[in-house]
Amino acid sequence: MRSRRPHAARAAALVLACALAGCSENGEPNGESTWSPTSTPEQPSTSPAGSEEPPSLPAAATKATKAGARAFITHYWDVLNYAQRSGDVSMLRALSASPCSVCNAFRRDLREHYRIGGRIIGGEHSIQVAEVTELTTPSSSAYAYRFRLLVSHDSQTVIMSDGTRDERKAGSTKFTAYVHWVKATRWRLDAMEVE
1 MRSRRPHAAR AAALVLACAL AGCSENGEPN GESTWSPTST PEQPSTSPAG SEEPPSLPAA
61 ATKATKAGAR AFITHYWDVL NYAQRSGDVS MLRALSASPC SVCNAFRRDL REHYRIGGRI
121 IGGEHSIQVA EVTELTTPSS SAYAYRFRLL VSHDSQTVIM SDGTRDERKA GSTKFTAYVH
181 WVKATRWRLD AMEVE
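In this text, residue positions in the sequence shown follow full-length UniProt numbering: the first is 1, and each later residue adds one.
Treat the hints as calculated values from the structure; they're not laboratory data.
It is possible that part of the hints are untrue.
What the hints assert, rightly or not - Cross-link-like lysine to aspartate or glutamate pairs, in silico, EDC-like; alpha carbons within 20 angstroms at most:
id : residue 1 : residue 2
1  : K174      : E124
2  : K66       : E131
3  : K174      : E193
Everything numeric in this text was worked out from a predicted model, so none of it was measured.
Sequences are here, hints too, so could you generate the full structure?
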């Protein structure tokens, strides 16, 4: 049996590169998408960097419902936006499962970029939910949702530790995300993949 780990690692690298660089599906910078989601964007909140507080989990995201799962996945991107602005990735770990390679890559790469003195300006993410599918086991012992998302981001400036700037265009990437209701108490992002 072949391991999915190398594929997952490549996908995580691609996701982070495209999410931060503004790539289209073919890896080229592009602000346009031919994919049409079926709902309106859910905007994670934004506030000036520096004095901002980390985003709070919305009350809706504490419920074991479809609306709760949707509020949770929006909150995840809210927290990712905060981490991108501040370099504080501590909240991201609590929101995702340890085997989520894309989640780990986001966290690792942001932490390292800020650790060596880099910064990121702009690049705020917003999500459009194209499809939500409930996932259950025959015994109902697991409760989860699969989301097809179009994640768009604004243009951004990535400032390297030596002060050089990398200007990146706005763009979007399609993701499939799986959120799971765990321990009958909370949602967790178990996996995320580039479509």
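Hint-by-hint comparison with the structure:
no.: 1; hint: K174 / E124; result: 16 angstroms, holds
no.: 2; hint: K66 / E131; result: 12 angstroms, holds
no.: 3; hint: K174 / E193; result: 9 angstroms, holds
Going through the hint list in order, the structure satisfies each hint without exception.
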